[in-house]
Amino acid sequence: MSDGPKTAELDTLLMQLVSGDISQDEVKRLQNAIGQDSKHLDYCRDFMMVSCGLERLLHEQDQQASVWLKETLKGELEKPVAVRVRIPWKQAVTALAAMVLMGLAVTYVTVNRGGRAKSHLGEVINGLSLKWADPTLSSKKGTGLGTEQRYLIQGLAEIKLASGTHIIVQGPCRFSLENDNQIYLTSGTVTAKVPEKARGFVLRAQQGSVVDYGTEFGVLVRADGTLETHVFSGTVQVTSGVGSDAITLDAGSSVVLTKTGASRLGQTDNQRFARSLPSGQTHACPGSRLDLADVVGGGNGYGTGRLGQGIDPANGRPLAGIQGKRRHTRREGFVPLEDHRYIDGVFVPTGVTSLGRSQVAVSSTGLMFDRVPATDGSYYDGIFNGAQFASQGQARPGKLNGEFYGTPERPALSLHPNAGITFDLHAINGDNPGVFAKSFRALCGISETAGSTHRQTTDFWVLVDGELRYHHQCLPGEFSTGLINVRLDSSARFLTLITTCASDPTGSWGFFGNPTLEFSPTGR
Amino acid sequence: MTLIEATEKVDQRYGTFERHFLECRKALYAFIFALTSNAADTEDIFQEASVIMWRKFDRFKPGTNFRAWAKQIARNLIMDHRKRKRRQKVTGLDDSTVELLAFRHEAIQNEIEDRLDALKRCVGKLSFRDRSLVDQAYKRGEPVKNIAKETNVSVQRIYRRLGTIQGTLLRCVKRTLSERGPQS
Chain A
1 MSDGPKTAEL DTLLMQLVSG DISQDEVKRL QNAIGQDSKH LDYCRDFMMV
51 SCGLERLLHE QDQQASVWLK ETLKGELEKP VAVRVRIPWK QAVTALAAMV
101 LMGLAVTYVT VNRGGRAKSH LGEVINGLSL KWADPTLSSK KGTGLGTEQR
151 YLIQGLAEIK LASGTHIIVQ GPCRFSLEND NQIYLTSGTV TAKVPEKARG
201 FVLRAQQGSV VDYGTEFGVL VRADGTLETH VFSGTVQVTS GVGSDAITLD
251 AGSSVVLTKT GASRLGQTDN QRFARSLPSG QTHACPGSRL DLADVVGGGN
301 GYGTGRLGQG IDPANGRPLA GIQGKRRHTR REGFVPLEDH RYIDGVFVPT
351 GVTSLGRSQV AVSSTGLMFD RVPATDGSYY DGIFNGAQFA SQGQARPGKL
401 NGEFYGTPER PALSLHPNAG ITFDLHAING DNPGVFAKSF RALCGISETA
451 GSTHRQTTDF WVLVDGELRY HHQCLPGEFS TGLINVRLDS SARFLTLITT
501 CASDPTGSWG FFGNPTLEFS PTGR
Chain B
1001 MTLIEATEKV DQRYGTFERH FLECRKALYA FIFALTSNAA DTEDIFQEAS
1051 VIMWRKFDRF KPGTNFRAWA KQIARNLIMD HRKRKRRQKV TGLDDSTVEL
1101 LAFRHEAIQN EIEDRLDALK RCVGKLSFRD RSLVDQAYKR GEPVKNIAKE
1151 TNVSVQRIYR RLGTIQGTLL RCVKRTLSER GPQS
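Taken in sequence, the protein lines are chains A and B.
Counting from 1, one number per residue, gives the positions in the first sequence under our numbering.
Counting from 1001, one number per residue, gives the positions in the second sequence under our numbering.
Incorrect hints may have been included.
As the list claims (entries may be wrong) - Mimicking DSSO-like on lysine-lysine, the simulated pairs with C-alpha atoms at most 27 Å apart in a straight line are:
{"#": "1", "chain 1": "A", "residue 1": "Lys160", "chain 2": "B", "residue 2": "Lys1026"}
{"#": "2", "chain 1": "A", "residue 1": "Lys6", "chain 2": "B", "residue 2": "Lys1174"}
{"#": "3", "chain 1": "B", "residue 1": "Lys1174", "chain 2": "A", "residue 2": "Lys197"}
{"#": "4", "chain 1": "B", "residue 1": "Lys1026", "chain 2": "A", "residue 2": "Lys70"}
{"#": "5", "chain 1": "B", "residue 1": "Lys1026", "chain 2": "A", "residue 2": "Lys39"}
{"#": "6", "chain 1": "A", "residue 1": "Lys74", "chain 2": "B", "residue 2": "Lys1056"}
{"#": "7", "chain 1": "A", "residue 1": "Lys6", "chain 2": "B", "residue 2": "Lys1125"}
Stated by the list, open to error - Interface residues of chain A toward chain B, partial, derived using beta-carbon atoms under 7 Å:
{"#": "8", "residue": "Asp11"}
{"#": "9", "residue": "Leu17"}
{"#": "10", "residue": "Ile22"}
{"#": "11", "residue": "Gln24"}
{"#": "12", "residue": "Leu41"}
{"#": "13", "residue": "Met49"}
{"#": "14", "residue": "Leu69"}
{"#": "15", "residue": "Thr72"}
{"#": "16", "residue": "Gly200"}
Hints in this document: simulated from the structure, not taken from any laboratory.
C-beta atoms are modelled at their ideal positions from N, C-alpha and C, and glycine is treated no differently.
Modelling step: build the complete structure from the supplied sequences, incorporating the hints.
So this is what it looks like as structure tokens:
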């Protein structure tokens, strides 16, 4: 059958027929078009097949066949079972009495005995600190998921869809499975790994949809509906809800779709998404506790960063490991970091004011802080995810209150004086829809492993939006631990950590243990 | 036979019926749809057929073709339904065209699963706008007149668009099946 106006007219008439909105004349036209030609008949049959498929396909999730069948036959199945009991007449009276006693004069048998497994579209096959809004939903593996809207308050859930697609849902996340190879993401972060057999997996969201072509990708839907897609391997097609053309994204690329339909292309942020679940215990818990040390390691705060990775506070360059080198900078000023989404920037507090203090810029917006002492502008190595300090060529771990730090269970953010780092709370809150950072909690102090090398007074500073919120001082040879609990409100934008030494900072092995942003629901 | 034995027998019978039903349900539904061209009628007849199939399941001979048996039951219901529609003067295809469609349907009955599978993937390739329109018309079951009113577009234009989308899906399904090659 050739394409063209005839096909177009046939399509329209068939559509009207299927919708029950067709006149007698139009039916005649349709029948004439179909005629007795087998090709046209087959076209009509196939068209009906598509209509039928769309009906069933789109209703499939609501009508799990076996459940539907049981419901449909409920009346039939509850009819009394015809039991022909052959009882010798001498026993009849006894048997009858027994039946009356047992209340079995009429016995109803229902087929649904509750033993049959309910069919699900997906199953949680692995989980980390799972907490669902639905209290009846188990936090254990093997939990089946249907089409209901789900809210994962915290944790990481690895779900295998019936099609074979694996998704990792990061709390807080609101989503629903639409069918065995399609999900709707209301808000939150999801990573999808689609095997060849499940090619065609669809992730729908308010601002658009992502269709996979055999790939692995991550998607984030923020509270304002912004849809961000990052492709790790293969190709996906992203379509905006406002009707612009579909965008084909290959591995290594990303796109952000906003409410207005504007799209911004970029590179894939590999560390933003959990592509597998951590093998051991972690201090961080998505939706509940975010580890700022992991952020320094290039991660999302939930364990995707690299231990031992750092940032040079003088220029913002990445550092691959602790070398125990003292460095100096003459550069004064704040270094904004474009590559770290959650870090506004870094700096080395230096320079002297007329009051003998250093005035430093602590944010990309120009917030200033002038209470840190004047320093010589030197620092050791940089700011790290981990706590490893070097003395005479030997690396020593960070230790506070008798406990070692620098592991996923007990993270550490090394901030050997003189250095400062500012985190962007708006960016962090934006990527965790439904919650906001309500407090910053950590320990701080000089590592007890520094021993006698700790010979200078060291100060620890915590600022929120440029305002001092916490200060702890360690005198020479003193290993007191500061307990930080700084409350944050939802409008707070910048969290700054600084360490300073008024003189040579050698041996001031300062770090923050368990540097945590704790989340609270936004109420939305 | 004891009461427990009777109960177990019902359970067993239901289990066998359910297995047959699940195997042929999509083909049966598609068959009914092809002959009624209407979703609501298909739902009604499919449901009625399911109940009758269960009631008559004792008469089904194990080892014979359950799908053919089920289709015969559905076919009788469709014909009754058509008579009622005619009395109500509801417009539809004539009997000879429906008979021909039923005949042509035989040719694809073994492909139903594959076609639905391919359709699922093809729907995923639709643009967001087309997908939304399909959702409105099928998932939410909104009458085309309402969609037209909402979007301030003529009814005929919506039909044309939906027809074009379905034509596109049809071609995509065929292409997908031909790319996959003959199934074993």
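The hints, checked one at a time:
With a C-alpha separation of about 25 Å, the suggested pair A/Lys160 and B/Lys1026 falls inside the 27 Å cut-off, and the hint holds. For the suggested pair A/Lys6 and B/Lys1174, the alpha carbons sit about 19 Å apart, so the restraint of at most 27 Å is met. A hinted pair counts as satisfied when its Cα atoms are at most 27 Å apart, and B/Lys1174 with A/Lys197 qualifies at roughly 18 Å. Of the pairs offered as hints, the one joining B/Lys1026 and A/Lys70 holds, with about 17 Å between alpha carbons and a cut-off of 27 Å not exceeded.
With a C-alpha separation of about 24 Å, the suggested pair B/Lys1026 and A/Lys39 falls inside the 27 Å cut-off, and the hint holds. Annotation: proposed proximity of A/Lys74 to B/Lys1056 holds, straight-line Cα distance about 16 Å (limit 27 Å). Proximity of A/Lys6 to B/Lys1125 is assessed by CA-CA distance (about 25 Å); at most 27 Å being required, the pair is judged to hold. This hint holds: A/Asp11 has a C-beta 3 Å from the nearest C-beta of chain B, less than the 7 Å allowed.
Interface hint status for A/Leu17: upheld, as the beta-carbon distance to the closest one in chain B is roughly 5 Å, under 7 Å. Satisfaction of the interface hint for A/Ile22 is found here, the shortest Cβ-Cβ separation to chain B being roughly 6 Å, below the 7 Å cut-off. The interface hint given for A/Gln24 holds, since its Cβ lies 5 Å from the closest Cβ of chain B, which is under the 7 Å cut-off. Below 7 Å, beta-carbon pairs count as interface contacts, and A/Leu41 has one with chain B at about 5 Å; its hint therefore holds.
The beta carbon of A/Met49 comes within 6 Å of a beta carbon in chain B, closer than 7 Å, and the hint placing it at the interface holds. A cut of 7 Å between beta carbons decides the hint on A/Leu69: the least distance to chain B is about 6 Å, and the hint holds. The beta carbon of A/Thr72 is positioned within 7 Å of a beta carbon in chain B (closest approach about 5 Å), and the interface hint is therefore held. This hint holds: A/Gly200 has a C-beta 4 Å from the nearest C-beta of chain B, less than the 7 Å allowed.
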